[in-house]
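Colleague: Chains E and V, in that order, are what the protein sequence lines are. All residue numbers for the first sequence refer to my numbering, where the first residue is 383 and numbers rise by one. All residue numbers for the second sequence refer to my numbering, where the first residue is 230 and numbers rise by one.
Misleading hints may appear alongside valid ones.
Label-pair distances were calculated between CB atoms; the ranges are [as the list claims (entries may be wrong)]: (1) Ser395(V) / Met400(E): 44 to 52 Å; (2) Ser395(V) / Trp428(E): 44 to 52 Å; (3) Ala410(V) / Trp428(E): 47 to 55 Å; (4) Ala410(V) / Val513(E): 25 to 33 Å; (5) Val329(V) / Ala407(E): 15 to 23 Å.
Hints listed in this document are in silico derivations from the structure and should not be mistaken for laboratory results. Since the model is a prediction, treat every value here as computed from it, not as a measurement. Idealized CB from N, CA, C, for every residue including glycine.
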Amino acid sequence: MKRITRRKLEQAVFVWLMRLSVAAAAAILGLILWTITARGLPALSWEMLTQPPKGGFYLGGGGGILNAIAGSLALAVGATALAALAAVPLVFYLHVYAGRSRMGDWLRLALDVMWGIPSIVYGAFGFALMVMLGLRASLLAGIITLAFVVVPIIARTFDEVVVLAPRELKAATFAMGATRMEYMGVLLRQTLPGLVTALLLAFGRGIGDAASVLFTAGYTDAMPSGLLRPVASLPLAIFFQLATPFPEVQARAYASALVLTVIILLISVLAQWSLTRLGRHVIR
Amino acid sequence: MLVGIPSVVYGLWGVLVLVPLVRDVLAPLADRTLGQHLPLFAAQNASGYSVLAGGAVLAVMVFPLIVSVVDEVLRAVPREMREALLSLGATRWETAKCVVRRRGLPGIVAAVVLGFSRAFGETLAVLMVVGNVPRIPGSLFDPAYPLPALIANNYGEMMSVPLYESALMGAALLLLLVVLAFNIVARLVILRLGKGAAA
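With the hints as extra help, turn the sequences into a complete structure.
Modeller: Dropping the structure here:
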């Protein structure tokens with residue numbers, strides 16, 4: 383065989399192998415979504431979405447998972463807000479005051495590493511913190527723990543966007559006699575879509591994370607009623623419902639998983655949309 | 230899109246699809262063919278809740294992470310390198326092969342290490358399919374008891390028994406150390422690659 387033919391053949395073989403792996407990835411995504419939808423949709427009802435569990439819910443009784451939906455939303459919103467409070471000034475400090483410094487590099491490395499720490503470790507840490515502060519399993523403890531989980535996500539994602547801000551913006555702002563503080567406002571306007579994406583990403587992670595809230599937020603069949611009371615969360619609701627031996631209750635677990643997946647997909651669509659919608663004031 | 234799906238959903242998918250698959254198809258098949266000779270593949274009375282199912286769920290969960298990191302690494306490869314290779318008459322596949330071998334390999338290894346550490350610490354998805362029997366698994370089809378699952382399952386009871394809390398915190402520490410070490414090494418390698426590309 384001629385050499386060029388052999389080389390082309392080799393290319394063809396590997397291109398097909400690569401196509402195969404792309405197809406496998408797409409197939410698995412499709413399979414997961416299809417399984418959850420096919421098993422969850424029949425069990426999904428209006429009652430499930432609008433009512434907290436009634437007596438004997440885990441034995442197949444009436445009621446729904448509103449407590450978990452509300453609890454998860456409260457946890458994720460609280461944690462995202464708390465984490466943004468820490469992460470956003472951090473990123474601004476890095477870019478406006480610290481400049482290109484060694485400390486910045488180390489901080490980024492530290493955040494990347496924090497991103498990789500498993501959430502069960504954060505959960506254990508949060509529990510130890512709770513015991514130290516004398517807190518019970520509560521919404522507040524869950525929010526604090528979850529905030530630890532999402533700080534690196536917000537900080538690193540936002541950081542990536544701020545890096546891309548044009549250097550001329552900084553020069554122009556300072557040339558007009560603005561202080562660094564005022565430059566921060568300009569920078570915020572420029573990077574707002576990125577910030578929103580970072581927050582939504584953190585929210586999505588927060589609402590789907592179970593291991594960190596397992597010991598810290600507790601679980602309850604009641605609606606969330608205060609910062610110091612335990613709250614339910616969707617992932618744990620799915621987990622507990624699946625653990626029962628009754629098929630009707632397990633079917634509800636599939637439906638809850640469908641609800642959770644839909645929420646997450648909505649968030650990623652929203653993130654895409656915010657990128658274009660909020661980008662009107664951005665200088666490109 | 231796969232990155233955003235919460236781990237409970239993966240776990241649920243594992244329970245619905247993988248566990249029956251392992252129980253009804255893979256385990257009997259492996260037992261009949263390889264299990265007679267190799268204890269690794271022995272599968273008597275396999276329930277399906279097994280190391281294999283846990284591993285498969287993790288594989289599905291981790292691979293988007295690996296994809297995104299490798300993507301980032303390969304993007305750092307200078308374009309001139311690709312152009313030079315193409316101008317030498319290499320096919321597109323040969324270009325990819327050389328670029329990957331020269332510049333991308335450490336990054337790909339780092340990505341795999343990151344994926345490994347993510348899998349190591351994943352809790353709920355594994356907990357749901359792995360079986361949770363505190364015994365060293367002898368075969369792919371035996372149940373097992375990974376570290377995060379151990380912590381999650383025992384946390385509720387730890388207040389009643391002295392030393393229990395310390396033991397669980399020890400498990401958490403071990404988990405943290407392994408993950409930290411892997412993460413730091415992998416991130417340093419990736420950082421190094423990025424700098425090389427900029428220079």
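Colleague: Each hint: holds or not?
Modeller: We went through each hint and held it up to the structure:
One distance hint, 44 to 52 Å for the beta-carbon pair Ser395(V) and Met400(E), holds here, with the actual separation near 50 Å. Distance hint check for Ser395(V) and Trp428(E): the Cβ-Cβ separation is about 48 Å, which falls inside the suggested range of 44 to 52 Å. Separated by about 50 Å at the C-beta atoms, Ala410(V) and Trp428(E) satisfy the suggested range of 47 to 55 Å. Separated by about 27 Å at the C-beta atoms, Ala410(V) and Val513(E) satisfy the suggested range of 25 to 33 Å.
As the Cβ distance of Val329(V) to Ala407(E) is approximately 19 Å, the hint placing it in 15 to 23 Å holds.
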